[in-house]
Structures are given as structure tokens and as C-alpha cells.
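A.B. asks: Chain by chain, the residues run as shown.
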Amino acid sequence: MNRAVLLTLQILVAVVTIALWHVATTTTLLGNPKTISFFFGEPILVAERIVSWVQEGSIWYHLGITLTEAALAFAIGSIGGVVIGFWFARRPLLAAVFDPYVKAANALPRVVLAPIFALWLGLGIWSKVALGVTLVFFIVFFNVYQGVKEVSPAVLSNARMLGMNGRQLLRHVYLPSALSWMFSSLHTSVGFAVVGAVVGEYLGSAAGLGYLIHEAESVFDVNGVFAGMVVLTFFVILVDWIVTLVENRLLVWRPKTSAI
Amino acid sequence: MTIAPKHAAGSSGPADSRAVELQGVRIAFPMANGTAYEAVGETNLEVRDREFVAIVGPTGCGKSTLLNATAGLIKPAAGNVRIFGKAHTGINAHAGYLFQQDSLMPWKTAVDNVAIGLEVAGVARREALERAREWLSRVGLAAFADRYPHMLSGGQRKRVGLAQVLIRDPKIILMDEPFGPLDAQTRLIMGDLLLDLWTADQKAVMFVTHDLDEAIGLADRVIIMSAGPASRIIGDYTIPLARPRNMADIKSAPEFHEVHREIWNALKEEVLKGYKQAEKLS
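Residue numbers (my numbering), protein chains in the order written: chain A, 133 to 392; chain B, 1462 to 1743.
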């Protein structure tokens, strides 16, 4: 399909959705507009709210907090996942011993940890970072573990025949393989870092997008909730776009498979 | 099976002229049910320095296993591997190995893949890259130096692999059906390239193939192995064809056909045995 046509259709979906939303909340065509706007807010009011946040500048502060939390969660979770993943993959005994515990920890719904982290680390950013870390860590850990395990035996034998010692194998073979697996899960892990931050804020904090949404919700300010959601959506799309750029840069050596 | 003899038959000549000696080598793999599968039965083989030896045998006869033992990638269950007269354990540092499967590092460009063998040996990166580019132009890939392996064709990847092995100037080159996955024309071209490179700088070569034409065209000697399990050497033919050779032309030489017929008669039986064996296992 033509790119321009596709883009037009994509925009059309948004326009139609918002138009329907607007019609439902301002006319009697689809029921009582008062009831509908109580539950769904009104698009114009939502837009006005976002504009006022931007004009006041308060939104940047909250976005900055959420971004900081997500970035820290991603960095700490990734480093931990790479180190432990590597270590486990190279020490099968260790991996075998800890296997049930790793599985159990990964199976636990991480949201239940939020109150504990709040108790341990307070209501500042670190309890949110901790929640994000528990999400990011396992994704990176499993990918790195797989990446080290799945190095092609031919590549490995070849590297050894080329005279590589253990340290050189690590640097030129195992690490690139593990990182390629990690990078291929970048979208998921970055996404989860943001989820950890927002959910943590939602459950108890004094700043951030999650806080903003929670505050609006607690006073039945549905327009505020939707405005927060819209900002969050744009934020996540932006982050995802940056991840795609980074990924294309880091994985140039990979054959292009069908785009997702 | 007897215990490995201390000396292989026919080990004469100065010690340094024998690049590879396999003395009573047996190779076995542990099986899931606890028993051992004997891939290679007692084998004695000698490859002289600068000699091009092709090893031919039916599928699954343990040709590659024998190469892996020479490379030091696997340890024989019995017997000795001697490299230039010295008993050998661990990775064989004198040997370069061109594998059947794709074995380039996919995350490195062609030139980086070729340079890595020098870099890990302590050559400065700039010099390593310079020499790698030289080698890439020698195998006809100067224009492809900065491509990643997935951007190269199968034949081009093999050329990079060849440069990667040869840049380290190994005394012994092991090749495990290196041109197996390529199409017939590319195989001929790669064979000629290999002959040119080998003529320019003669090394001891152990070249495993299932293609008898290729073996006769390339080698000074063709070794025939029997069908597995416990396969062993059942034939050792000197190829009297003059060098320099050309892979396409050589097939029209009458001597080629004579040698080919003689070896094929011995090999045919083993190939059939190999098929029967495979049927029994499946």
C-alpha cells in the first residue's frame, strides 16, 4: 500500500475515534452526554488540560521524574541481568541450583512487591526504581542466559581455532551474542521499566505521571485521568521510537527480518 | 580392538617433515544409554609438510571427527596425535580450520573477521586491519570488506573464512567439506582459488569431502575411509596428476578418469554399506 494512503488512513482512525468521543459527550445522539462525560471525560477538556499543564510547565517535572525512574530501573536491571545471566550461563551447576528460585521469583506478580519497596525505600523515586528493576532484570537475565547458551558451536570452535583464550572468547564471542539477544528484547525491557515507574508512582508517591493520574482519579477528575493517559501514551511512543533508533544502530549486523 | 601401537607403520623421514601423524587414534562418543559409540576405529595416518591430502568416505564415516581430533577440539579415546613430531593435547596452534558450517562471527564485518586472528595474537589493530584488507583482496573481496556476513553470499562467506584462516599463516590447514553448501559452479571457482593460494604458499592440508572429483582435482593423496561405526582407512591413493591444475580442465584428462575409476570402485562398496548402516539406525 502507498505510504501516504496508509498514513492518511491511520490518522483517520484517530480522527474518527475522537470525533465519536466528542459527539457522544456533547450531543444526545448516543445517550445522556452528562453520564458519558462523567465516565469518559470530554476530548476538548482533556486537550485543554494538557495544554495548561504544558503552559504551567508542571508536566515536565512529572515527566522528568518518571523518565529518571524508568532510566535508572532500566540501567540497574540490565546491568544486573547481564552480569547474573552471564554468570549462570557459564556455571551450569549454579544455574541448576538456583533454577527453581529464579522461576518462582519471575512468576511472582511484581505489583505485590510495591508496598514492600515503599516500606523499605520510602515514597521517593527509589521504591519505583526497585519495582522497575524487578521487571527489567528477568527479561534481560533470560535473554542474556539464552544468548550465551545459544552461541553457534561452529562459531565457537572457529574462534578457538583462531587462537582465542577464555577472556578473548568472552569479549569477541559470548558478549556480542548475549548483547544481541538483550538488544532484541530492548522494546520489552524499556517498556517494563516505564511500567514499573508508573505503577510504583500510582501506588504511592508525590510526583510523576502515575502520581498525576492517581491524584486526578481520587477526586473523580476524569479529564485529568485521560489527560495523564494521553501524555503517558505519547511518552511511551517517543521512548519506543528512540529504542528503535538505538536498536537499528546496534544491530546493523543482523539480517533484516520482517518489521514488527 | 587392539591397544594402539607405539609407532605407526611407515613413519620414516626427518621428524619435521611430518606435519600430522595420527598413531593408533580411536575416537568414541558417550551415548545416552551409557555405552560408547566408536566413531573412528584404530587409525594411522601421516600427512607430510606441504602435502595436500583429501579424505573421502561415505556420510557419517567420521571424517570430520578425525579432523576435530587433529585440531585438538576433541580428545581421542586412544592413540596419539603428533604435530611436527611432538605429541599434542589441547587446541592445535599450528592448525587453521575451515569449517563446513558458517562460522564467521556475524557481529563483525568481513575485515574484522579476518583481522581477529591477528588481533588476539597481539598484532596492533591498525596493522591487523591493513593485512586483513590485503587478504580480502587476495580472495577477491576487496570491495566487500565492510559488509557483515549476512550481506554476503555463501561463496563469499567461504572466501572470508579462507582469508580468516590463512592470514594467521598456519602450517597445517584443516578443511571440513568447506565448499559443501555451495553450488557446483562456485565450488569449481573456490577449488581453483584454493589451488592458487596453496601453490603460492604450500601448507599441509587435510581436506575432507564427499566429492571424489573435488578430492582428486585438489589433492596429492586421496584417503578413503570405510563406513561407520568404527570406520578406518581402507585406501590410500597417490594422485599422479601434474600441477598446476585447473579444476574444470583436469576432469578431461585421461589420468583423471583412471584414478577416478580405481578409487570409485573401492568407495562404492563403502557408500552402499554406509546407506545400509543408516537404514539400520533409523
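Since the hints were made in silico from the structure, they are not lab data.
Mixed in with the good hints there might be a few duds.
Here are the simulated DMTMM-like pairs of lysine to aspartate or glutamate, each with C-alpha atoms no more than 25 Å apart in a straight line [said to hold, decoys possible]:
1. K1729(B) - D1630(B)
2. K1536(B) - E282(A)
3. K1664(B) - D1630(B)
4. K1664(B) - E1638(B)
5. K1569(B) - E282(A)
6. K1569(B) - E379(A)
7. K1664(B) - E1580(B)
8. K281(A) - D1563(B)
9. K1664(B) - E1730(B)
10. K1741(B) - E1730(B)
11. K1737(B) - E1716(B)
12. K1712(B) - E1723(B)
Given the structure is predicted, the values throughout are model-derived calculations rather than measurements.
A.B. asks: None of the hints should be skipped; say for each whether it holds.
C.D. replies: Status of each hint after checking the structure:
Among the hinted pairs, K1729(B) with D1630(B) is inconsistent with the structure: their alpha-carbon atoms are about 37 Å apart, more than 25 Å. As the CA atoms of K1536(B) and E282(A) are separated by approximately 23 Å, the hinted pair is consistent with the 25 Å bound. Between the alpha carbons of K1664(B) and D1630(B) the distance comes to roughly 9 Å, so the proposed pair stays at or under 25 Å and holds. About 18 Å separates the Cα atoms of K1664(B) and E1638(B), which keeps this hinted pair within 25 Å; it holds.
A threshold of 25 Å between alpha carbons decides the hint, and for K1569(B) with E282(A) the separation of about 17 Å falls inside it, so the pair holds. Annotation: proposed proximity of K1569(B) to E379(A) holds, straight-line Cα distance about 16 Å (limit 25 Å). Under the criterion of a C-alpha separation no larger than 25 Å, the hint pairing K1664(B) with E1580(B) is consistent with the structure, at around 22 Å. Proximity of K281(A) to D1563(B) is assessed by CA-CA distance (about 18 Å); at most 25 Å being required, the pair is judged to hold.
Note on K1664(B) and E1730(B): the hinted pairing is violated, with a Cα-Cα distance of about 32 Å set against a maximum of 25 Å. Between the alpha carbons of K1741(B) and E1730(B) the distance comes to roughly 17 Å, so the proposed pair stays at or under 25 Å and holds. Restraint check: the Cα-Cα separation between K1737(B) and E1716(B) comes to about 32 Å, which exceeds 25 Å; the hinted pair is violated. Among the hinted pairs, K1712(B) with E1723(B) is consistent with the structure: their alpha-carbon atoms are about 15 Å apart, no more than 25 Å.
Comparing the model with each numbered hint stated earlier shows that hints 1, 9 and 11 do not hold.
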